[in-house]
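Chains as they are written, first to last, in my numbering: chain U, 1 to 315; chain S, 1 to 263.
Think of the hints as simulated: they come from the structure by calculation, not from any bench.
Ideal placement from N, C-alpha and C gives every residue a C-beta, glycine not left out.
Treat the hints with care, as some may be off.
What the hints assert, rightly or not - Computed, partial: chain S to chain U, Cβ under 7 angstroms:
| hint | residue |
| --- | --- |
| 1 | 19 |
| 2 | 22 |
| 3 | 97 |
| 4 | 108 |
| 5 | 109 |
| 6 | 260 |
| 7 | 262 |
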Amino acid sequence: MGGDGYLISATGLVKRFGDFTAVAGIDLGVRRGEAFGFLGPNGAGKSSTMRMIGCVSPPSEGRLSILGLDAASHGPQIRARLGVVPQQDSLDVELTVLENLTIYARYFGIPRAVAQRRAAELLDFVQLADRAGDRVEPLSGGMKRRLTIARSLVNEPELVLLDEPTTGLDPQARHLVWERLYRLKQRGVTLVLTTHYMDEAEQLCDRLVVMDGGRIVAEGSPSALIARFSTREVVELRFDLADLDGARGRDIADTLTGLADRVEVLPDRLLLYTADGDATVTAVTDRGVEPMSVLVRRSSLEDVFLRLTGRTLVD
Amino acid sequence: MLSTLLLRVDPRRAGAVVERNVLVHRRGWIVLLSGFFEPFLYLLALGIGLGHLVGSVPAPGGGTVPYPVFVAPAMLAVQAMNAALTETTFNVFGKLKYMRLYDAVLATPVTPTELALGEIGWCLARSGLYSAAFLGVMAVLGLTPSWWAVLAWPAALLIGFAFAALGMALTTFLRSWQDFDYVVVIMMVMFMFAGTFTPLSAYPAWVRPLVELTPLYHGVALTRSLTTGSPDLGALGHVAYLVVCVVLGLWIAARRMARLLLT
Numbered sequence: 001m002g003g004d005g006y007l008i009s010a011t012g013l014v015k016r017f018g019d020f021t022a023v024a025g026i027d028l029g030v031r032r033g034e035a036f037g038f039l040g041p042n043g044a045g046k047s048s049t050m051r052m053i054g055c056v057s058p059p060s061e062g063r064l065s066i067l068g069l070d071a072a073s074h075g076p077q078i079r080a081r082l083g084v085v086p087q088q089d090s091l092d093v094e095l096t097v098l099e100n101l102t103i104y105a106r107y108f109g110i111p112r113a114v115a116q117r118r119a120a121e122l123l124d125f126v127q128l129a130d131r132a133g134d135r136v137e138p139l140s141g142g143m144k145r146r147l148t149i150a151r152s153l154v155n156e157p158e159l160v161l162l163d164e165p166t167t168g169l170d171p172q173a174r175h176l177v178w179e180r181l182y183r184l185k186q187r188g189v190t191l192v193l194t195t196h197y198m199d200e201a202e203q204l205c206d207r208l209v210v211m212d213g214g215r216i217v218a219e220g221s222p223s224a225l226i227a228r229f230s231t232r233e234v235v236e237l238r239f240d241l242a243d244l245d246g247a248r249g250r251d252i253a254d255t256l257t258g259l260a261d262r263v264e265v266l267p268d269r270l271l272l273y274t275a276d277g278d279a280t281v282t283a284v285t286d287r288g289v290e291p292m293s294v295l296v297r298r299s300s301l302e303d304v305f306l307r308l309t310g311r312t313l314v315d
Numbered sequence: 001m002l003s004t005l006l007l008r009v010d011p012r013r014a015g016a017v018v019e020r021n022v023l024v025h026r027r028g029w030i031v032l033l034s035g036f037f038e039p040f041l042y043l044l045a046l047g048i049g050l051g052h053l054v055g056s057v058p059a060p061g062g063g064t065v066p067y068p069v070f071v072a073p074a075m076l077a078v079q080a081m082n083a084a085l086t087e088t089t090f091n092v093f094g095k096l097k098y099m100r101l102y103d104a105v106l107a108t109p110v111t112p113t114e115l116a117l118g119e120i121g122w123c124l125a126r127s128g129l130y131s132a133a134f135l136g137v138m139a140v141l142g143l144t145p146s147w148w149a150v151l152a153w154p155a156a157l158l159i160g161f162a163f164a165a166l167g168m169a170l171t172t173f174l175r176s177w178q179d180f181d182y183v184v185v186i187m188m189v190m191f192m193f194a195g196t197f198t199p200l201s202a203y204p205a206w207v208r209p210l211v212e213l214t215p216l217y218h219g220v221a222l223t224r225s226l227t228t229g230s231p232d233l234g235a236l237g238h239v240a241y242l243v244v245c246v247v248l249g250l251w252i253a254a255r256r257m258a259r260l261l262l263t
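Make a model of the complete structure from these sequences and hints.
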């Protein structure tokens with residue numbers, strides 16, 4: 001570990017591809033045992049950052065130290081102690097489920113007998129033991145994801161990097177993945193993950209950074225971020241699309257002035273940020289505004305993101 | 001260049017790449033058989049068939065040899081080339097671009113050089129078996145008049161190594177399956193004109209330097225000088241040429257792989 005007590009520490013980290021700047025100078029510190037998240041929309045620079053941390057993408061500028069080693073000069077040594085779940089599963093389609101784990105272990109120089117034992121344990125852990133001898137191709141998306149997670153654990157890593165671990169999975173499969181990741185966290189494994197799902201970030205992350213346009217725009221625990229950048233509750237007023245078109249949306253928002261701390265106009269709804277949702281709803285009705293539907297909910301990271309960037313996460 | 005290239009190579013990790021291929025082919029071993037038969041078919045058609053018409057040809061060390069004795073070592077070299085290029089172009093391209101296999105491998109401690117060496121190692125293990133079998137059959141058919149022929153086996157391995165390294169390097173420049181037309185043309189031209197079926201002296205003077213430029217020519221000249229029992233200092237020249245191909249190919253392949261995958 002680094003002298004500064006961080007498992008990952010980055011200063012002024014930049015990644016450029018030709019003229020395009022994917023990561024525009026970020027600073028981070030991830031502590032041992034924590035679950036750390038990168039939250040942001042597609043193209044925010046999350047994956048580029050993850051690839052730099054995984055030592056498969058050299059930084060264009062800045063300092064990056066992982067497990068106390070310099071990423072620029074100690075790639076193989078660092079990768080030996082990392083587990084990586086890439087955005088695309090990249091499983092070996094010519095091997096069986098079990099062989100995907102045993103052969104992957106061999107890339108780390110793990111002896112065959114140890115590889116066999118660990119592979120069997122890990123298949124149990126991700127509930128794929130009954131598919132051990134099957135080909136990879138016919139597995140469902142959720143199973144492939146779980147197998148990739150199992151694969152990332154064959155070298156008993158201190159740090160596991162997960163790039164959008166549940167993107168594209170159905171709700172049930174997502175919950176199964178979350179549950180397994182939560183167990184890993186309880187075992188003391190440090191997790192670093194990217195996501196554009198706020199519920200995933202809230203479920204799994206102790207601390208997270210919100211990324212937008214290659215920069216970090218906020219940092220903190222999910223609850224602290226919500227407390228700092230949003231109100232306790234949100235009233236969602238849904239309208240007919242035509243009603244919120246252009247100036248008309250603004251007009252409705254003007255009618256509601258003073259009823260909430262802040263009003264956001266989205267293409268299909270208005271968001272009213274307020275401490276007491278029910279009271280705000282009553283006040284809205286009093287002013288003669290008649291939305292198609294009304295929803296009162298707690299503030300989420302989605303609201304934090306909207307506040308910070310003026311955009312929604314998944315669009 | 002070779003020493004800096006190999007200095008930090010961990011043979012166990014390159015070995016794991018070989019192991020992966022062995023495991024895959026343990027199930028599909030039937031495919032491996034095709035590589036055994038190809039050179040025999042050529043030998044049968046050209047050596048025995050054409051040999052009847054041609055009779056004897058000048059031997060590398062002076063004198064003449066029957067045509068089958070002349071053409072068989074060339075088939076040994078061609079087999080090594082074909083096995084190496086098929087594996088490192090078609091198969092490696094599939095793993096690189098479509099299976100995205102290497103993305104996963106390079107996330108482990110395996111380096112691009114180790115990955116390239118592993119793929120080449122597998123390719124050599126496979127073509128080494130073919131060469132040994134073919135050389136054995138040549139001996140049985142009386143096509144190896146000299147004990148020097150024993151060295152034709154390591155020579156075939158070197159030829160395979162050179163073409164595997166060059167093939168690997170070439171593959172990193174290919175964009176789509178259409179580009180494989182070029183690979184096929186290159187293989188075909190070398191097969192036909194690299195001194196395989198005729199002595200170098202049979203070509204017009206202006207063509208000879210072009211022939212001597214091809215790696216296969218040096219491979220053929222090397223195996224032929226060994227199986228006919230007439231290696232001289234020129235053989236060392238051929239070895240040197242092939243070694244340069246190995247180093248150059250490996251160096252380019254590892255650098256290009258890193259540029260393609262570690263972006």
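Against the structure, the hints come out as follows:
Interface hint status for residue 19(S): upheld, as the beta-carbon distance to the closest one in chain U is roughly 6 angstroms, under 7 angstroms. Given hint, residue 22(S) at the interface with chain U, is violated; its Cβ is 10 angstroms from that chain's nearest Cβ, farther than 7 angstroms. Interface hint at residue 97(S): violated, since its Cβ lies 13 angstroms from the closest Cβ of chain U, which is beyond the 7 angstroms cut-off. Interface restraint check: residue 108(S) against chain U, minimum CB-CB distance 4 angstroms, threshold 7 angstroms, status holds.
Taking 7 angstroms as the C-beta cut-off, the interface hint given for residue 109(S) holds, the closest approach to chain U being about 4 angstroms. Residue-level restraint check for residue 260(S) is violated (minimum Cβ-Cβ distance to chain U is 12 angstroms; threshold 7 angstroms). Among the interface hints, the one on residue 262(S) holds; its C-beta lies about 5 angstroms from the nearest C-beta in chain U, closer than the 7 angstroms criterion.
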